[in-house]
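Q: Note that the protein sequences, when read in sequence, are chains A and B.
No gaps in the numbering here: position 124 of the first sequence is 1433 in the working numbering, and each next residue is one more.
No gaps in the numbering here: position 22 of the second sequence is 1331 in the working numbering, and each next residue is one more.
When chains are identical, the list treats them as one kind, so a pair holds in a single copy or across two.
Cross-link-like lysine to aspartate or glutamate pairs, in silico, EDC-like; alpha carbons within 20 Å at most:
#, residue 1, residue 2
1, Lys1518, Asp1436
2, Lys1329, Glu1594
3, Lys1435, Asp1550
4, Lys1435, Asp1556
What the hints contain is simulated information worked out from the structure, not anything from laboratory work.
Protein chains: 2
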Amino acid sequence: MRDFSQDHHWLSINTATVRKSRGQDLPLPQIIEACVARGIRAIAPWRDQVHAAGLDVVSGLVRQHGLQLSGYCRGGMFTASDAQGLQAALDDNRRALDEACELDADCLVLVVGALPGALEGRAAHKDIARARAQVQDGIAALLEHARAQHMPLAIEPLHPMYAADRACVNTLEQALDLCDAIEPRSAGAMGAPALGVAVDVYHTWWDPKLQQGIERAGRDQRILAFHVCDWRTPTRDLLNDRGMMGDGVIDIPRIRGWVEDAGFAGFSEVEIFSTQDWWQRPHEEVLDTCIARHRSAV
Amino acid sequence: MRDFSQDHHWLSINTATVRKSRGQDLPLPQIIEACVARGIRAIAPWRDQVHAAGLDVVSGLVRQHGLQLSGYCRGGMFTASDAQGLQAALDDNRRALDEACELDADCLVLVVGALPGALEGRAAHKDIARARAQVQDGIAALLEHARAQHMPLAIEPLHPMYAADRACVNTLEQALDLCDAIEPRSAGAMGAPALGVAVDVYHTWWDPKLQQGIERAGRDQRILAFHVCDWRTPTRDLLNDRGMMGDGVIDIPRIRGWVEDAGFAGFSEVEIFSTQDWWQRPHEEVLDTCIARHRSAV
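Let the hints inform the model, and build the full structure from the sequences given.
A: The structure is reproduced here in structure tokens:
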């Protein structure tokens, strides 16, 4: 396992972590500037933040500072209640893919979507199996485009508490089954696959089959990203109460050990959504804490 | 699949559902009275409610009205940070078992516990594998006592969002693996096992392997209880925002169909924790709604 205690060479900041500073929106160019000032070598920006600043502006900053993108957040949301909706989702995913290419991201992260309308509190139906079938079809369609552009797609299994409204892929095993269904790997396959997974400790730490899933993902070279934060007790909100590494109950070093044993050697990406706590603090403090905790708790 | 549309013969009320009426605590004898007045044949009371009313009083009411108990809530919480804590947990579980026998419950439901101290926000450690091993040891020890008393133990896998603080058994597959580890079933085993599971749609609906797990549980006669409520979108609180059947996104009839195909023919137990909504209403309205929804949405 790599020694993170001496530097933050392998730290990436998911820009949602400092989406707000002292409760106010923080534009992506300022986030990038603050990261660069601290010697942080990689980020994972969100699409809405990129769009607000302008893709060309962000692309210019990324090149100027030689930043790497541990991922681009995010494609997905493949489900819909009609054919028009499915097509619109696919079109939007193609644009996300083009943006990821323009930014030279390591992968496009996919939050796959769930029951259409549920995020707005008006689920069009209750058939999660149908949603899962739509997700499979959507990823398969997008994969053609992704292969042509040499941009890997990373399915991110989300915690089961998001199964209704954000992602109906909820375990690493399920994500890997999906990968195998869409892009089978023959034994001894050469070269990296175009489809893989993002392993986020927040979404997967509870899973009794996590270690097994990580080993399987490693064998097939499917681990495209590794995300960290922590699980607070109590957790006060289903979406926006993630903890800073070290402040919760996840044994992050153990999971990182499994991921590295499985062959992953990329960035450890910090992704924290925190309305009540970290988004209320100055972003400088948040970034400095990410660096310190990357060394001590990841 | 049984027809529930004409009556509420197979309805059971988990008494937490009407723990409060108009925001005020409702004593168990009044809950029982209100259920009996509506022709509800079964309940599943919580230990704290039984203790508050007195075990002998509750036992008398149950016999007087010929009520069935679809389960007794609850044993479990087997984990601890030292040997003394483990022994105390086991002793308490034996008392719960004795109470379940006194009330002639169908089973003792087990919410197995998780990281010791996490429920109080002070987890003693982060080793969920250790917690899971303690759970296995605790159930194995309790099972001796349970067998002697002919009281089945029902492991209830809880939603993964409770993995840190309430139960580190989080999928039906994991619960069944635990059953098999503690009490192996040989092919063609005669008689019902002493150890099984409670399938709660709230905890399990998201699971891509749910149907498969239910089929497996049925083959080994492990389904001891079936609990219903609904998953609201949005869910405003991790613990106390369960929805009334029909008000959320769970396809309850589909899951009930699987459970019945697997051989379960017992009660459909309504268990709703709802600080903001149902616990604020008069309990009479809540019970009447349970009856109506049992017919239309279960």
